[in-house]
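Asks: In case you want the letters, here they are:
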Amino acid sequence: MAEMLEVSGLTKRFGGLVAVNNVSFSVREKEILSVIGPNGAGKSTLFKLISSFLKPTTGEVRLKGERISGLAPHIAARRGVVRTFQETTIFRNMSVRDNVIIAHHLRSKASLFGFFLGTGAAKTDEAAFGQSADEILTLLGLSSLSNETARNLPHGHLRALGIAIGLATNPSILLLDEPFAGMNHDETMRMVEMVRRLRERGLTILLVEHDMPAVMKISDRLVVLNFGQKIAEGTPSEIQADEKVIEAYLGSEDEAIGL
Amino acid sequence: MEQVIANGLYLGAQYALIALGLTLIFALMNVLNFAHGQMYVLGGFITYTIYGQLGLPFVVALLASGVTLAVIGALMEKFLFRTVIRRSHREESTMLLAAATAFFFDAVILLLFGEKQRGVPKIVKGVFNDAGIIMPYDRLVVGALAIIFIAAFVLYMQYSRVGRAMRALAQDRVAAQLMGVRVDRYSMIGFAMGAMLAGVVGGLLVTITGVNSGIGGPISIKAFLMVMIGGAGVVGGAIAGGFILGMMESVGLTVLREYGDVTYLVIFAALMVFLSVRPNGLMGKPWG
Amino acid sequence: MTLNRNTRIAAVVAFLAIVFVAVPAAISSSGRFDLYYTLTSVALLSIASAGVWLTFYIGRINIGQGAYALMGGYVSAILVMNHGWSFWLTLPVAGLFCAAASVLIGLPILRLRGVYFAMVTLVLTEVARLLALALPITNGAKGIVSIPLPGALSVFGVTLIPDFATLQNSRLAFYLLAVTVMVVCFAVMYRLVNSRIGKLCQSLQQNEELASSIGVNIAYLRVIAYAVSSFFGGVSGAIFAAISQSIYPSSFTVTDSVNFMLNCFLGGLGYVFGPMLGTLVLYFGWDLLFQTGQFQLLIYSGLMIVLMLVLPNGLLSLAEMTRKKG
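Those protein sequence lines, which keep their order, are chains A, B and C. Here the first sequence is numbered in this note's numbering, starting from 5 and rising by one per residue. Here the second sequence is numbered in this note's numbering, starting from 5 and rising by one per residue. Here the third sequence is numbered in this note's numbering, starting from 898 and rising by one per residue.
Keep in mind the hints are simulated off the structure, nothing from the lab. It is possible that part of the hints are untrue.
As the list claims (entries may be wrong) - In the DSSO-like style, the derived pairs of lysine-lysine whose C-alpha atoms are separated by at most 27 Å in a straight line are:
1) K113/A with K127/A
2) K221/A with K59/A
3) K68/A with K127/A
4) K120/B with K1039/C
5) K1096/C with K113/A
6) K34/A with K68/A
7) K1096/C with K127/A
8) K248/A with K221/A
Here chain A stands alone, though its shape is the one from the complex (with noise of 0.2 Å):
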């Protein structure tokens, strides 16, 4: 399978703290890859160096080949690498319809100044994305939801609101931060259920989550991050072998491994 996302040699130190050290990996395409990790471990810097919300100090992340590391988030967005965010990060007061509407930005053909006049190409793009954000709303079960307003939808459904914004974009790989956090049983399943479909849309997706035994189901590989360095690489039943990350895990009070 050929790669999609590569990291190699990521480094980011804040002053004298270095929360990612020579972290290297890649995600093939199709794949769900997952990173896992104690608290503290990294996990979030990681992710927002591969989003390009922040620059790495050393080391460099690319996407098909091409170096994306060190651009601008919405340049980052426009290659193809889209992120969603861990807590409740949606246009809060647009219906949700209009938050996915919007999120279809990228793929307007039509210039700013189109769109303020109003020229045929602004019409088309208009009448595209309200039949793309209708699809996937129906995809990922919010199509009944679709005319309420997104700060009054209840917790489950605006993940998936969160995950329906990245979507819209069209992203070549979709990076997802904690989808599972604060989810009950039947939540996370449900979440679970909604990634695997994802993937068999073609998407290829990366995520740093701390429910390992949703993780543990839904990933073809896992990176696991230990104070900033990677300490294990593999298939779940690989990862759930390795006495490194038993450590790991065992070291901290509050995590379990889910085995």
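Given the coordinates of chain A, assemble chains B and C onto it according to the supplied hints.
Replies: Same frame as chain A, but now just chains B and C:
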């Protein structure tokens, strides 16, 4: 040179105290209190009335300034800001409410105390003159008092129960609420304390520079400057910002004396450049 | 607001009929020619306020519009006085000058958010005033006075606008000018807000991180919005200078900047026509309270506070509330 530094320190202590009040209100409620300068003026006029007109001791007058403003601050929080925060769709509303309150105070001050510049008798006579520094004793006293108040405020925020609750609130409103901090109550106390600080500085400075009804707005702008320099919502930032502005004014007025208002132009320009490099001031929390 | 197309067209026609026909007719029959000046001021201030509204719309609290109004006034005045330009040419130039300046100023300061942006723009208003005092070209505190009235505007020998100095009633002419510019500005705003650009601006206001994660060039969009906003400020200032035939460093101060903001807020930050209504109400309210003498400011600000408590989402939210009930 020593003279310039001494002036800067004296000014800086007053400014820091003003900025502390503003930053406290901001930290707790995310409200930029446009009426802060007017509160300062009100404090000045109360001390003027009690100490200057009625002839009661300065301490009584200063106390009255502080207490009156604390009450006003508490009432403002309870009846104005709390309502608007609850009912408005937009966070900005509180800032506009504060602006309207500033106009209102301006009107009240003008009606009660008139347009004239007012001063009071010196609280201490004599001039300190040694080591190349010439400074009237009253300035020394007022400067020392301001520093004592700053220290008291910092200690109070650090060690008292109320102070700890307020710090928790400033850090994370929701989390504080979950931990059982009574948000409404401490918002009110915080607002009252912020207003009180403004009133106290007004009362202190009326003995040196006097007071007039028109200086509320300019004082607010200065307070904003200090808070921006240091970083909004941070105690250390307010103190640093106050002393930095005090120093800049002291130096600027000496160096650029003949150019008058250019001092402020230079300070403003420097500030805008500084903020574009450090958007959160010296030590502010991001995106205040 | 979801009005259907016909109602909307009817509302626009009615509005145009009122401002261009009914108001002048009423004024000339009642002889209250002073109202022209009041209404002209309302129109101009609402243009500047519209600019502030636009910055609110991208989630920035702009207390710097006074700076651009002042800048626009000076640019027009200096070009007319020192270089003999026609006022009609200086009007767009003043707007463009302000827009260009706002791009330079905006690039660094638009990175600031919340109170930081508010405070910096507030300081900007002060900087503009101090600059006007200090620069040689602006003639310091004495300002620029005796600016000639706008001359004739003719294109290919056809006189489109007559020389204001030859008119019997230049007040009417200024009224028509201000109202025309206002209508154009609000039409542009309405179109902006109701096109995709409006949605993009809203996305900035609601969450900049998310907006940039879906590929919106937030820095570019902010600067564009701020430039349009400042253009409005400059145009409004330039017409002001032409009407009063003078401009001083104190023509637009921090108080004006704050008032622009209050106009938007009072009309309603969620409504395009909020700034127009807000300006009208506040300006007329202030004028009406003139009779209360020394209590004018007290009553005015008191009423404003009450209004904020009762209608924290602006006057236009009233319409929405009644519609929901009905």
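Asks: Hint by hint, say whether it matches the structure.
Replies: A quick look at each hint next to the structure:
1. A threshold of 27 Å between alpha carbons decides the hint, and for K113/A with K127/A the separation of about 10 Å falls inside it, so the pair holds.
2. Between the alpha carbons of K221/A and K59/A the distance comes to roughly 32 Å, so the proposed pair goes past 27 Å and is violated.
3. For the proposed pair K68/A and K127/A, the alpha carbon gap of about 33 Å is over 27 Å, so the pair is violated.
4. For the proposed pair K120/B and K1039/C, the alpha carbon gap of about 25 Å is at most 27 Å, so the pair holds.
5. Between K1096/C and K113/A the alpha-carbon distance is near 16 Å, which keeps this suggested pair within the 27 Å criterion.
6. Using a Cα cut-off of 27 Å, the hinted pair K34/A and K68/A holds, with the two alpha carbons roughly 13 Å apart.
7. About 15 Å separates the Cα atoms of K1096/C and K127/A, which keeps this hinted pair within 27 Å; it holds.
8. Restraint check for K248/A and K221/A: the C-alpha separation of about 21 Å stays at or below 27 Å, so the hint holds.
Violation of the numbered hints given earlier is confined to hints 2, 3; the remaining hints are satisfied by the structure.
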